[in-house]
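Enquirer: Listed below are the residues making up each chain.
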Amino acid sequence: MGVITIFYYLLCLYLAVILAWNFVRERKSVNDMILTLLVLVPLVLRLLRIK
Amino acid sequence: MTDRRIGALKIALAAAAAAIAALGAVPLYRHRHDRVPIVPGPGVTSVLRLSDYVPSLKGSMADTDVFVLAGAKPGGKALIMANTHANEPAGLLTAFLLVENAVVEEGTLYVIPTFNASAGRNTKPGDGYPLYFSIPTSWGAKRFRLGNRDASPLEQWPDPDVYIHYPERQMLSYLDVRNTNRTWPGRPDGPLMERVTYAAMELLRREKIDVAIDMHGAETMFPVTNCIVAPTKSSKIATLVSMTVKAMEGFDNHVEPSPGNFRGLSHREIGDFADTMPFLLEAPIPFLDQPTGPKTEKLLLDGRDPFLLGLARAHKLFVPYDAAGWPMDKRVGQHCSVSLEILRQFTKKYPEKAIRLSAVPRYAELVANGTGRYLHDPAQADPKALRYE
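Chains as they are written, first to last, in this note's numbering: chain A, 25 to 75; chain B, 9 to 397.
What the hints contain is simulated information worked out from the structure, not anything from laboratory work. Note that the Cβ used here is the ideal one computed from N, Cα and C, for glycine as well. It cannot be assumed that every hint is accurate.
To be verified - To spell it out: a stretch of chain B is covered by chain A in this simulated footprint if at least three of its residues, at any positions, have a beta carbon under 8 Å from a beta carbon of chain A; those stretches are: (1) 13-25; (2) 357-363.
Unchecked claim - 25 Å max Cα-Cα, derived DMTMM-like pairs, lysine to aspartate or glutamate: (3) A:K52 x B:D11; (4) A:K75 x B:D167; (5) A:K75 x B:E305; (6) B:K357 x B:D283; (7) B:K216 x B:D11; (8) B:K216 x B:D197; (9) A:K75 x B:D135.
The shape of chain A in the complex, shown without the other chains (with noise of 0.2 Å):
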């Protein structure tokens, strides 16, 4: 795995824990709830490497 993948994967992880953090403290909207889970979604599978 080359360097710029490795720096890829480490900025996927980064921005999924920011989600899911927004996501465990959203508490008014729902909208930003779904919104943010969806936004989650290819990016824990770029770090389980399916797609």
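Assemble chain B onto chain A, guided by the hints.
Expert: Leaving out everything else, chain B in the frame of chain A:
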């Protein structure tokens, strides 16, 4: 909302997101890790790996089997490759038929059924590709993976803005860095797909292979289809093959010259960088044409499409096309007959380097009996002898 209700809502939403992710992920994971059994036939004498020629491929998804079928008598040597483009599966089926049936009487045959092994585990969801296709046999349907033209980004990433071919420095599409019919002749320390083609070049050079055949499929609307692509050094044999199959077996397969200024293709670089005669076979594959109906398994197998039929009536296709379509058995039959005829014509021209095969069906037999008639049941084979592609 109370804290308790918010918590319950979040759990429900997270579970729904996980379900959506799983629905997408599970079929792709299974496809990537699927194993298609191949039953080595009586002609197979050993199985090598591409990593035997470039060790850095070992353990990667790009490593693949090289079946060796050595004859009782020495002679010439030939390499047959399939799934260079894993969305053109007539070559894959032809390679399976060769490995499972061929007996080499003179010379040595090398067969690589899944040359771009990573592409065979990739797919094209944006084009709605089916993940698998099945060939009916007397013992049940045999399932194969349908892959993509290019290797998976999971193996080789990121793509450059422009792929600069090595060593000619010609600028090619960024995608071609993952296309093993643009990365020839490759280099031992280049991107993964350049290492795959370099390993094949090393196989050709070290084993002193005389003939290399790379089996493909091409759209009916693409001018380079239903043909043998050959550089100058292979063109005499290619012409004789084209004339012979037309006269003796009744199907067209014209000769296309390999362009000298289009780099990275097997029919160009193998001839330039090894003492091998390269041939690239193109069988029509309507599934790959753009203006078709849905990209279904049925279209892949029977090649029948009403939109292509309309275009054929308007003379927009480069092959004859009617309501019968262009079935897989016909395409596999063409690959088998043309490959056998290349070896026969090579043997006639260079009798001291003879390559003689038997027990391989030709065009008429495949069209009459179907490809499945020549695939062997893995359940009846010695489990220790089975290989998985």
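Enquirer: Could you work out which of the previously given hints the structure breaks and list their numbers from low to high?
Expert: 2 and 7
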